[in-house]
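Residue numbers (this note's numbering), protein chains in the order written: chain A, 1 to 319; chain B, 1 to 357; chain C, 1 to 357; chain D, 1 to 571.
Mixed in with the good hints there might be a few duds.
[Stated by the list, open to error] Mimicking DSS-like on lysine-lysine, the simulated pairs with C-alpha atoms at most 25 Å apart in a straight line are: (1) D:K189 x C:K62; (2) C:K343 x B:K343; (3) C:K114 x D:K194; (4) B:K343 x B:K250; (5) D:K299 x C:K77; (6) D:K360 x A:K32; (7) B:K77 x D:K14; (8) C:K126 x C:K104; (9) C:K77 x D:K297; (10) A:K179 x D:K62; (11) D:K343 x A:K218; (12) D:K97 x D:K277; (13) C:K77 x C:K62; (14) C:K115 x C:K77; (15) B:K6 x B:K77; (16) A:K311 x D:K62; (17) A:K32 x A:K218; (18) B:K289 x C:K181; (19) B:K289 x C:K289; (20) D:K329 x A:K218.
Think of the hints as simulated: they come from the structure by calculation, not from any bench.
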Amino acid sequence: GSEESSSNNGSSTGIEGDLSFYTSQPDEDAQKLVDAFTEKYPDVNVQTYRSGTEEVISKIKAEQKAGDVQADVLLVADSVTFEDLKEEDLLLEYKSEELSEIPSNLVDPDGMYAGTKVMATALVANTASVKEMPDSWNVLTDDSAKGKTIMPSPFYSGAAAYNLGVFTRNEAFGWDYFKSLKENEMTVTKGNGAVLQAVADGEKSYGMVVDFIVARAKAEGSPVELIYPKEGVPVITEPIGIMKDAENEAAAKAFVDFVLSEDGQELAAEIGYTPIRKGVDAPEGLQTIDEMNVIGADISELYQAKEDDKKEFETIFGQ
Amino acid sequence: MTTQIKNVEKIFGSFRALQQINLDINEGEFVAILGPSGCGKTTLLRLLAGFDSPTSGEVVMKNQVVADEMSFLPPEKRNIGMVFQSFALWPHMNVRDHIRFPLKHHQFLSEDLKKGMDFRVDEVLKMVDMYHLGERMPSELSGGQKQRVALARAIAPKPALLLMDEPLSSLDAELRMSMRKEIQQLHHLTGASIVYVTHDQSEALAMADKIVVMNKGIIEQVGTPKEIYSSPTSPFVASFVGKANLIQGKWEGTEFYPFHQHAIKWDGTSVTSELRGENIFPARPEQLKISFREGGLKGVITNVQYQGKEIHYTVTIEDEQWVIHQDLDAMFSIGEEVYIHLKESQTRAVKKQLHFV
Amino acid sequence: MTTQIKNVEKIFGSFRALQQINLDINEGEFVAILGPSGCGKTTLLRLLAGFDSPTSGEVVMKNQVVADEMSFLPPEKRNIGMVFQSFALWPHMNVRDHIRFPLKHHQFLSEDLKKGMDFRVDEVLKMVDMYHLGERMPSELSGGQKQRVALARAIAPKPALLLMDEPLSSLDAELRMSMRKEIQQLHHLTGASIVYVTHDQSEALAMADKIVVMNKGIIEQVGTPKEIYSSPTSPFVASFVGKANLIQGKWEGTEFYPFHQHAIKWDGTSVTSELRGENIFPARPEQLKISFREGGLKGVITNVQYQGKEIHYTVTIEDEQWVIHQDLDAMFSIGEEVYIHLKESQTRAVKKQLHFV
Amino acid sequence: MLQSFVHRVHHQNKWWFLIGVLFVVIFFVLPIFRLVFLSFSSEGGFTFENYTSVLQDRSTWKTIENTLYVVVGSSIIAIILGIMTAWVVAYTNIRQKKLIQLFIFLPFIIPSYITTLAWTQFMSKNGFFANLLSLLPGSLEPMNMYSLQGIIFVMGLSHYPLVYLLTVGVLRKIPRDLEYAARVSGSSKWQSFKNITLPLALPGIASGGFLAFIASLDNFGIPAFLGIPGNIRVLSTYIYEQIVGLGPNSFERAATLSVILGLIALTGTFIQWLLLKKSKNNETAVEDKEPRFLFSKRKRLTIELLLWSFLLLTTMVPLFSMLSASLIKAYGLPFTPEHISLKNYQFVLLENQKAITSLKNSANLAIITTIFCLVAGTGIAYVRTKKPSILSKSLEMIIGIPYALPGTVLALAMIFAWMEPIPGWNPGIYGTIMILLIAYVTRFLILQVRGSITAFMQVDPSIEEAARVSGSNGFYKWKQILLPLIIPGVISGALLVFLTALTELTVSSLLWSSGTETIGLVIFNFEQAGYSTYSTAFSCIVVLFILLAFLLLSILQKLWDRRVLYHDHSN
Ligand SMILES: Nc1ncnc2c1ncn2[C@@H]1O[C@H](COP(=O)(O)OP(=O)(O)OP(=O)(O)O)[C@@H](O)[C@H]1O
Ligand SMILES: Nc1ncnc2c1ncn2[C@@H]1O[C@H](COP(=O)(O)OP(=O)(O)OP(=O)(O)O)[C@@H](O)[C@H]1O
Ligand SMILES: [Mg+2]
Ligand SMILES: [Mg+2]
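Start from the sequences, fold in the hints, and give me the full structure.
If you want it as structure tokens, here you go:
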């Protein structure tokens, strides 16, 4: 319905029509976001497709191969993924006005995508089995934690792959860190959810995991504690971008603006995420972007080295 | 319904089950197919029914080709009924439903049967003496009872051509007699053509208008019961139907010299030229007589079998074993030396009653 | 193997298939069970085999109770073999494997059979004339061929008790004869006890040491073939086995006055007291004679059936239908008035040969 | 006139034939062809490069090896357990067979991630089983679940109901006399089982075993959960890794691996054919539910005890872990009264719209899929058994492949095939619920086909011939003769289709669109967002829902049995 959106008759905003939104956010969160958006733009009918980051991207690529990408707006876990789409020339350049309030290192300089929130990968500990909370990533290589640690697999989780790239490019860690993790019998599991479950269960004592799900579980009463290690944490930003051949560009842009706007960011915080916009408070139990000690690496380098990193990881963790 | 089988051949894998079969079944005719186990009777019947198609040759019904190598008319379009040798009862249906099924679905059912369906079910059930077992399932029936259901199912819709594959083989003599009568009555009333497979020659002789004797996939002889019984044209028919002892010897005109013994001369007027050509005299067990009176062929009694109303003797003559039936008037024991004569009266009697049935 | 059936009863649902059955089967005895369709023959055999247990009563083998209401010895522990009426061939095994199977598994197999297994398979295959079909699967066999496989499988291991349920019903007369001989030979050689179910009285008469006549779930009479045939103790046995015409009349000692006609007097020395008590004279079709000679019972010929070596007449006498077999010497036609006599010789002949077989 | 009949019959058959071929081509050949095509393509066009690179990779061979271990091992476990349970239920005089049957199905309907999780907890170093073992002498340790054995074990347990379901009916239909014939021939119970019953039950066993085989090939949840920590890759997880790796050529590599997996599935089909080659029709019987082995009270009790402990272990372990997780306020809290609440159920049922929608969607999808498969699958099975030609055999082969492919791959193939079936023409199926329906039919048709083939293999041709000489070769032959005889097998197949379609996840996760979420997706979404308490609560509701459906079905079946089959005298 792009031809309708160009004619400004009737509706207050002038933005209307169908908007196809692909995302990897949890269902409920995506729903809240869409609800808030349509409250503001009642004439836009948002169709959501939600799945894991990997499935979403596969779907888009399959659609591309089959001849027609259906998505207009895309919001998935990490920037490396977007880097890949950018490479394949699937994205539309859009520099939203709201970008001025977003840290520039979390935004693509070419305007293809921009972060929407901050998710740090931190340490989780089981409060029943760990009496003294550690403050460093090194606890994972400590003898006392031998066989009691767990992390998500970079083969299955985009966030974990990103973390792998960041950690190994950081002097304090490097590949040696992962070698010692292996020596300390680190278990690798499919995703963040499984890591949290294993720690909450008491099957493991420590895990590497995204911060917000720990905060949620803790709030509900699970016996877990969230720790931001002093060396710093890698963060992913759940970037948002517009697909190149989006049918409803106007609505897509409005959607991106909304997500980055103050309203949108407050909604994110309300749901339980650390907002990316300066001046919006983080929810209970999570650090704000200002409090965090972020460790990072060059995105395009990460993107280029992704396959090699995974291979290296496999040689270390393979039997 | 007139049916013709023309030059039909049926091959299973490499086994030739039927060869060069030619047969006409006329409207209202009762044809019995007689032959030893494995000779191809069932195979022939299945071709007539339309379950299989011939490897070559054709089947014609009502002057229309219903089956050849290429295509065939399916059974349900042929106005037939069939009693399966293996019964082929439907395990989930009770006796009554078995008989009702063809009445409901047979495509050539007459109007009055359509109306009086329940009446017909009862009638047929009574006919086969299964009225009291109408609600039984096949698994609750005895072997003979199953066969009677199969029979009842086939005859219920009064088809134009009834194919029966040993329909009475599991029944006792008494029941078999009464079933025979029922089938004959049905035959008379409906004018259906009947093809009746049996291994029991007395059944074939008693019921059929025409008997087809088969052996190893070919037809040996076709004829009326009398022809088949009294004038076999092949040794096989003579021994299979009449249980005849095939006696070697020399023919001179209508005279026969068994074992080329010139002292003994039998009258063989009724023996067919085909058998004469093979230097054989077919002597049925009841055509021979055992006595101590000299002048016959000399032999020794080697086996005696009591058969109630008669006794079956095995007599060894010149290294051959003949079977002779005698009534109970005279008695012989194993080892006794006896003389064998041809009963004069037999041949004459047979001639006499040729005009009879 | 001695086997006793004591007071056995078998009930299916509400149907009483066997009642009060008492029977002894002695070591090496050949017992034929004869009876109409549905009388309980198969049921009895299945009890002996150990497939079912009796509702009450017990089965004893070798002085050991093998089945009563509570428990039963499984078939494989009984040293038996069985021919099933429905063949029960294994669809996934070829003919040869069918026969090899009991040889491999039978728990009472003699040492020489164990060694010469393949030889025995060949031997049995030849016995039933199936040697050339050893590799065939059951689905590729004709009805009679299947039955022969079932027979071969049962006799191959030479069990001590052979149970045969109509083992020859699908075979032609010739083959049946030769199978009979094989079975008798086996019987003599192995000394096995045989229980042989049949609906064919000539088979029972010819083969059995002892005949058990059953009807509607009870045993009517047990006896030697001769006793059963010549001295039936119940009207059922007389008519079922001997096809006797049950003639009403008055007995005075051993004299019988048919239809209470004082002018005609028949000698009934051989008739059992049981039948005399019921005022019945059992006259088998061949015991009567039709003639124009006055002095017999007057009747009218109502049906004539040609039977090859003899003719079966139906004669109506005082509203009753009698069946009389005559040889071909004399001929009568439908509607003719005739006189019926009792053949004098018959009674005497029967008496004479009682010492015979 | 007769002549024209002959021709018309042929004509009609041709039409049916054409429709059938068209159906298979569109639903099966097209997606598979797109996949094979992809495996041979690169930016530059046709190439073998994907194959050479995949096959030169050492880890591919290691993966194939693992896959074979897992698939063969778990199929063997499934077959053995399936036969044993089927035999006990079909032949012995144990009590409560209906209930037992229900317990046998349960592992099949509990989501496999729950089963897996439960077993890892049960078998963990300080879990229940370890405690049990410590009571025994010797230093026994529970099996390490993160290993090949662990994967094989859990997969075998999850797939044995397939074998059970297709075997139990076949066993009941074997005429008693065939076993008795073996017993009078002197063979013991075990020998007659081995030589007679087993070969005669082959149609069911081979079908069930084949389904278990290809189900293990496509299974992703178990090897993902247990294999990643154990660093064990099988084809399904490896393919997934390729796809989500998002490198250049990732799809092409995935397609190539899928073709290899498809070839393994075909091997399964061939093995199945080999097994079935010798199997011949029995004389036709109805299901004989009377027990054939009457065990004494004591023996029966022993068997019942053994069976029930097995059933309770395989169902109650996961079921209890699922139930307790769903009743707890927050994950990880001990299962004590103060932590128990129904708030998760409240959330799922009342506050979350999607859960209820998904129940409706999945039920609709499953029912329509089942009905469609029932008709088409039974038709195909009929042709396959009555006219075993090369064509009908290839048909069976092709239909089996989509069930063996990993769901993700099939979903991708569906997108390729259905978004623009003809380049430039988008029929508007993709993006609606229709695409899910089509995908389900494509994926699950084989379940019905196998179920129905199994049933047809038990019907002797003479049964049908008798109906035809009785004048019926159409509707009534089917309704009154064939259907009643095949219905148990057909229902088994339909049940499998229904149950698997109901909780399908992997295919749906790529093909759904808003408004068409399914049960599997909702559970998956909860799980991914870290709400295991919700996902277990919802799983419990689903299991309950299925149990109710079962109850309803068995009542319906009773009515059908009573009304339609045996006492239908009305027309
Ligand atoms: N499918 C088959 N494959 C190979 N041979 C077969 C097949 N069906 C039948 N035959 C053979 O064809 C011959 C004829 O079989 P058919 O069933 O017609 O015999 P029949 O005359 O009915 O015998 P019976 O009196 O024993 O029933 C037999 O020798 C049989 O073994
Ligand atoms: N399961 C059953 N339920 C009810 N009745 C049965 C069952 N099995 C057999 N009968 C009945 O028991 C009676 C005896 O059956 P059986 O099979 O012993 O007869 P049979 O003497 O062998 O007859 P045939 O010569 O016809 O084989 C029959 O009337 C039969 O209908
Ligand atoms: Mg036959
Ligand atoms: Mg019987």
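Status of each hint after checking the structure:
A distance of roughly 23 Å separates the Cα atoms of K189 (chain D) and K62 (chain C); the hinted pair therefore holds under the 25 Å criterion. Restraint check for K343 (chain C) and K343 (chain B): the C-alpha separation of about 22 Å stays at or below 25 Å, so the hint holds. For a cut-off of 25 Å, the pair hint linking K114 (chain C) to K194 (chain D) stands: about 21 Å separates their Cα positions. Between K343 (chain B) and K250 (chain B), the direct Cα distance comes to roughly 19 Å. Compliance with the 25 Å bound is thereby established for this hinted pair.
Proposed proximity of K299 (chain D) and K77 (chain C) is supported: the alpha carbons are some 20 Å apart, at most 25 Å. Between K360 (chain D) and K32 (chain A) the CA atoms are separated by roughly 23 Å; this keeps the pair inside 25 Å, and the hint holds. Using a Cα cut-off of 25 Å, the hinted pair K77 (chain B) and K14 (chain D) holds, with the two alpha carbons roughly 19 Å apart. Between the alpha carbons of K126 (chain C) and K104 (chain C) the distance comes to roughly 19 Å, so the proposed pair stays at or under 25 Å and holds.
A distance of roughly 22 Å separates the Cα atoms of K77 (chain C) and K297 (chain D); the hinted pair therefore holds under the 25 Å criterion. Between the alpha carbons of K179 (chain A) and K62 (chain D) the distance comes to roughly 23 Å, so the proposed pair stays at or under 25 Å and holds. Between K343 (chain D) and K218 (chain A) the CA atoms are separated by roughly 17 Å; this keeps the pair inside 25 Å, and the hint holds. Pair hint K97 (chain D) plus K277 (chain D) does not hold up; C-alpha atoms about 32 Å apart against a cutoff of 25 Å.
Of the pairs offered as hints, the one joining K77 (chain C) and K62 (chain C) holds, with about 12 Å between alpha carbons and a cut-off of 25 Å not exceeded. Distance check on the hinted pair: K115 (chain C) and K77 (chain C) sit about 21 Å apart at the alpha-carbon level, within 25 Å; holds. Of the pairs offered as hints, the one joining K6 (chain B) and K77 (chain B) holds, with about 20 Å between alpha carbons and a cut-off of 25 Å not exceeded. For a cut-off of 25 Å, the pair hint linking K311 (chain A) to K62 (chain D) stands: about 15 Å separates their Cα positions.
Between K32 (chain A) and K218 (chain A) the CA atoms are separated by roughly 22 Å; this keeps the pair inside 25 Å, and the hint holds. Distance hint between K289 (chain B) and K181 (chain C) is fulfilled; the C-alpha atoms sit about 24 Å from each other, no more than 25 Å. For the given pair, K289 (chain B) sits about 21 Å from K289 (chain C) by alpha-carbon distance, which is consistent with the 25 Å threshold. For the proposed pair K329 (chain D) and K218 (chain A), the alpha carbon gap of about 11 Å is at most 25 Å, so the pair holds.
Hint compliance for this structure: hint 12 alone is broken.
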